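K.L.:
Chain by chain, the residues run as shown.
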Amino acid sequence: MNIKVSIRNNKKENYSDLDSARNLNENNNIIECKDLNLWYDDNHALKNINLKIKKNKVTAIIGPSGCGKSTLIRSFNRMNDVIENCKINGEIRFHGKNIYASNNNVMQYRKRIGMIFQKPNPFPMSVFDNVAYGPRIHKVNDTNKLEEIVETSLKRAVLWDEVCNRLKDSAMGLSGGQQQRLCIARALAVEPEVILMDEPTSSLDPISSGKIEDLINQLKKKYTVIIVTHNMQQAARISDYTCFMYIGELIEFGETKQIFERPKKRLTENYITGRFG
Amino acid sequence: MSIQLYDQEEVSKTVQEKFSKKAFSKESLIKSSLFIFASIATIFIFFIIIFLFALGGGFFQKVSFFDFIFGEKWLPSRNYFGAAPLIMGTLLVTIGAMVIAIPLGLGTAIFIAEIAPPRISRFLKGAVEILSGIPSVVYGFFGIIVLNQFIRIFFNIPSGNTWLSGSIILAIMCLPTIVSVSEDAISAVPNHYREASLAIGATKWQTIIKVVLPISLSGIMTAIILGIGRALGETMTILMVTGNCAIIPDPITNIFSGIMTITASIGLEMGETPAGSIHREALFALGIILFLITLAVNTISNQILSRLNKRFQGISHKKRFKNLIFTQKLKENNFYLRLKHILKKYKHIITYSIVSIIIILIISTWIGWLNALLVTLIFCSIIFVMRFISAKNKQKIWYGVVIFASIVVLFFVGIIIYYIVIKGLPAITLEFLTEFPSNLGREGGILPAIIGTLSLVGISVLFAVPIGVAAGIYLSEYSSKNSKISNLIRAGVDNLNGIPSIVFGLFGFAFFVVFCDFGISMLAGGLSLGLMILPTIIKTTEEAVKSIPQSFREGSLALGSTKWQCISKIILPAAIPGIVTGIVLCMGRAAGETAPILFTAVIFSQRKLPNSPLEPVMALTFHLFILSTDVPYADLQAAGTALVLLFLVLILYGIAFIVRNHYKRKKTW
Ligand SMILES: Nc1ncnc2c1ncn2[C@@H]1O[C@H](COP(=O)(O)OP(=O)(O)OP(=O)(O)O)[C@@H](O)[C@H]1O
Ligand SMILES: [Mg+2]
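Protein sequence lines correspond, in order, to chains U and D.
Sequential numbering from 11 applies to the first sequence in this note's numbering.
Sequential numbering from 18 applies to the second sequence in this note's numbering.
Treat the hints as calculated values from the structure; they're not laboratory data.
Watch out, some of these pointers could steer you wrong.
Stated by the list, open to error - Listed next, the in silico BS3-like pairs over lysine-lysine satisfying Cα-Cα at most 25 Å (straight line):
id : chain 1 : residue 1 : chain 2 : residue 2
1  : U       : K155      : D       : K413
2  : U       : K97       : D       : K364
3  : U       : K155      : D       : K327
4  : D       : K362      : U       : K149
5  : D       : K361      : U       : K178
6  : U       : K149      : D       : K364
7  : U       : K274      : D       : K362
8  : D       : K364      : U       : K178
9  : U       : K178      : D       : K413
10 : U       : K149      : D       : K409
11 : D       : K227      : U       : K129
12 : D       : K411      : U       : K178
13 : D       : K411      : D       : K362
14 : U       : K178      : D       : K362
15 : U       : K149      : D       : K227
16 : D       : K361      : U       : K149
17 : D       : K227      : U       : K155
18 : U       : K107      : D       : K409
19 : U       : K230      : U       : K64
20 : U       : K275      : U       : K67
21 : U       : K155      : D       : K361
22 : U       : K221      : U       : K231
23 : D       : K357      : U       : K149
24 : U       : K67       : U       : K230
25 : U       : K97       : D       : K409
26 : D       : K327      : U       : K178
27 : U       : K149      : D       : K413
28 : D       : K327      : U       : K129
Keep in mind it's a predicted model, so treat the numbers as computed, not measured.
Could you build the full structure based on these sequences and the hints that come with them?
P.N.:
Printed below as a string of C-alpha cells:
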C-alpha cells in the first residue's frame, strides 16, 4: 500500500468548521476533488482531476473504456487502498475534509460513502445477514434494532416485497437484479450519505436495469449518487450532472442537459454522438 | 466414366470401413485394459477389508465386541484384551494435537493468505512444505532427543514420554496439511467479497473473520479433517515418544500420563505374535477398529461438507418447509417463542459460560480449583474488554496473534532441522555411508539401509505407477461421471487414501508375507508401500489429465483422431509434469514411511546385501527407529541416519518442486 498523501495544501486543509459549513451552503458540494493524480506503477491513470459533486443529485461519469472512471469512483471511498501498486496525490474533500489526510478514519469514510459494484456481490449468507452485515460491523447488536434496519433498508431498495418471506434463505438464490438491489440495501443499511455505483446495471437484463434506474431516481431525495455508466441513454435519463472523461483526464463537467445537447468540447460531442468508441 | 467413379467410391469406402473398424477395436482394447488397471485398485481395497475382517473377525468369537472396546486392561501376555485404553489413547492424543494444531495452522494460513507481503508468505509456505517432507521416524527421533527431555526438565517429571509430547509432535506433523489446505481455501475466495465488505467500512480483520473465513469454511473443515486423519493414523512417532503404557490417564486430563495408541500397539506387538495366536487376531481386530474410526471420521466430514456447500448455493427448500411447520407450532405455543427469543438474545453469554465451565473443569485438574477459576476469570474479562476496543485496535491485536502463530510454526521448522543437522553432521563420514553396520549399529555404516530403502522405493514405484497412471487416465477420460462402476472405483480410491499406513502393514503381512508366501522380504515390503502410494498416484494423474483444457481435446478430435491418439499424442505429454511431480512426491513418502514395512520387509542388521527380492532388507527408517529406541549409546549413529534419511526425502521433494515450477513457467495456456 503505497498511498502517498500530499500535504502540500495542508494550510487550506485547516478550514475552520464554520468556513467549510458556509462553503457547503453556498455551493452545496458534498465531494470535491482537487488536483487529483493517481498512478498504477508508471501508468498515470488520473490526471489533475478537479471536480465538485453536488449534494442530493445524481452525477454520471461517462467515457470510453479504460479512461479511469472506475479508478476515479474508487478513490472517492479509498477502495484503491487495497491495490498494492497504486499511488495517489492530491485531495478529495468530503464535507470539506480531505479524506486522504490521515489513515485513521478510512472505515468511517467508507461507511458514509457506500459503494455498489458492477457485478452483484452479495455474501453467501442469508438475505437478512447480508443487510445486517454493515450495522453489525458498526456495533449494532440489538436484534430488534437490526430487524428494523433490515426492513427499512430493503424497503428503500424496493426489494422488501419480493424477499420478505425468504429473509433466512441464502442470498445466492436470488435473481441477478434482486441481488444487485440487495447490494444496494446492504449499502443503505449503514446510512451512507453518498452512494457510488460502478456500472451497476451492466450485468443485468433490461427489466432489472429499469428497476434499478427507478430506484436511483428515488434514492436521490435522500442520498447523493455517483454512477459510472457506459449506457448513454441511461446517463441522460437518470443523471442531473454528467462528467466526461478521456484517457485519465476530465474533459467536461456540467448539467446533463447541457452536456448532451450543447457540449462545449469537441471530444465530448464526438463521444456522445458515437463517433468513436 | 461414371462406372469408374462408382468403383473408386466403392473402394475408398471399404478401405475406410476397414480402417475405422481396426481403429475401433484398438480403441476398445485400450479402454478395457485401462479399465482393468482401474479395477485393480478397487479390488485391493476389498482385499484389504476382507483380510482385515477375516483375520480379525475370529477374535470376536472369543471375546465379545463389547468387552473388547470397553475392557480397561490391555495385557496380551495374560490374555486381557481390553482395548479401551488404546482407543482412549488414540482419541486423546488426536484431540490434544488438534487443540494445538488448529489455532496455529489456521492463524498461519490466515497470515499467509491475507496479511503477509508476498515475499514473506512465499517463504512461510516453503518452510511449512519442509515440515510435510520430514519422515515420521525423524519426528519421533526429534521427540526423543529434544522434546521429551525438555518436557521432563521443564515440568520436573520423571519421564518425558507423555501424552503431551505425543500431541505436540503430532500437531507439528499435521500443521503442513492444515496450513496448506486452508490457505488454498482462503486464497480461493473471490476478491469481490472482500471489496464488498471493505466498501461498507469493515476493517480488514473484520472482513477476514466475517466474510472470508465463513466462505472458505468448507475448505477449512476439509483441512482440519485431513489433519485429524493424519493424527489418527500416525504410528511411528507416537510409538517413539508417548511411552506406550496402555492405561487411561488418571485423571482423564492428565497430560503428563504415558499413553498408548491403537496404531502403536499394532506396530509394537505385531512382530512378537506367533502365527494363529489370539494376540495376533486381537491386533487385526484393532486394525478393524482403526479402520472403522477413520471411516466414521470420513463419513461425518462428508456430511458436514455437503451441508455447508448446500448452504452456500442457496439450496434450502427442505429447511424452509421445516420452518413453516415450526412457526405454526410456535404460534400455538407462546412459550417456545419466548424461550427461543431469550436464547437468541443471550446466545453469546450462554456459549461463553459453557465454554468457560469446560475450561475450568479441565484446568482445575492441573492447577487446582481456585487458580482455574482465576485463569478463567482473567480470560473472560479479556474477552469482555475486547468488546470495547475499537475495530482498528482489535485488528492490531489479532494481527499480532496471527503473526505469533506463524512465528511459532517457523520456530518448529527451524528447531527440528537445526537439531537433526547439528547432531547428525558429525556422524557423516565416508565410512558411515559405505560400510556395513557392526556392534548393533554403534559402529560401521548404513550402506545396506540406504540400498534397502532405495530398492523398496523402486519396487513400490514399479508396482504403483503403471496401475496408478492407467487408472487415473481411465477415471478422467473414459469413465462417465454417473456410471456405477467408476463411482465404485472412485470411492475405492478415496477410501484407500484415508487408510492409516499401519493398516497397509497389517494387510501386507497377511496378504503378501503369509498368503502369497513371499515371507518377510523386499518384495512384500515394496508391494505394501506401493499399495499405500497407489491412491495418490491415481489422484494426481486424474487431476493432471483433467487440468488439460477441453479445447486441446476438441482440437485433436476435430482433426479426426481417435480418442487414444488424442490422449497419447496431446493430453499425456501435456500432463506429464503433473504426473511426474505426483510420482516423485510419492517416492519421498515411500522412502520416509516405516509402518508398512515394519513387519513385511525389514531386519535390523545385515552382513551382506540381499541377493533377491525375496530376502529381507534393511531400511533407513527402521534402522533409525531401532537405534533410537532399542540401542543405548547409539545417538550419534541415529542422528546420522536421521540426517541421511531427511536429506534423501527432502531431495525427492525438492525435485518434485523444481519439476512443478519449471513446467508452470513454461505452461502457456
Ligand atoms: N489494479 C490495476 N493495476 C494496474 N493498472 C490498472 C489497475 N486498474 C486499472 N488500471 C489501469 O488504469 C486505467 C483506468 O482503468 P479503469 O478501470 O479506471 O477504467 P474504466 O474507465 O473503469 O474502464 P471500463 O469502462 O472498461 O471499466 C486503465 O489503463 C487500466 O489498465
Ligand atoms: Mg470500470
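K.L.:
Run the distance test for K155 (chain U) versus K327 (chain D): straight-line Cα separation, threshold 25 Å.
P.N.:
violated (30 Å)
K.L.:
Does K409 (chain D) sit within 25 Å of K97 (chain U), going by the straight-line distance between their CA atoms?
P.N.:
Holds, because 23 Å separates the two Cα atoms, which is no more than 25 Å.
K.L.:
Decide if the proposed pair is consistent with the structure: K364 (chain D) and K178 (chain U), CA atoms, cutoff 25 Å inclusive.
P.N.:
holds (18 Å)
K.L.:
Under the criterion that the straight-line Cα-Cα distance not exceed 25 Å, is the pair K357 (chain D), K149 (chain U) satisfied?
P.N.:
holds (23 Å)
K.L.:
Measure nothing beyond the straight line between the CA atoms of K362 (chain D) and K149 (chain U); if it is 25 Å or shorter, mark the hint as holding.
P.N.:
holds (15 Å)
K.L.:
Check the hint pairing K67 (chain U) with K230 (chain U) against an upper bound of 25 Å on the C-alpha distance.
P.N.:
Holds - the C-alpha atoms of K230 (chain U) and K67 (chain U) are around 6 Å apart, at most 25 Å.
K.L.:
Hinted pair, alpha-carbon criterion (25 Å max): K155 (chain U), K361 (chain D). Please report holds or violated.
P.N.:
Given that 25 Å is the threshold and the Cα spacing comes to 14 Å, the pair holds.
K.L.:
Does K413 (chain D) lie within 25 Å of K178 (chain U) when you go C-alpha to C-alpha?
P.N.:
violated (33 Å)
K.L.:
For the pair supplied as a hint, K361 (chain D) and K149 (chain U), confirm whether the alpha-carbon distance does not exceed 25 Å.
P.N.:
Holds, at roughly 17 Å.
K.L.:
Going straight from one Cα to the other, do K149 (chain U) and K409 (chain D) come out at no more than 25 Å?
P.N.:
holds (13 Å)
K.L.:
Can the restraint linking K107 (chain U) and K409 (chain D) be considered satisfied, given a maximum Cα separation of 25 Å?
P.N.:
Holds, at roughly 21 Å.
K.L.:
For the pair supplied as a hint, K155 (chain U) and K413 (chain D), confirm whether the alpha-carbon distance does not exceed 25 Å.
P.N.:
violated (29 Å)
Violated hints for the displayed structure, listed by number in ascending order: 1, 2, 3, 7, 9, 12.
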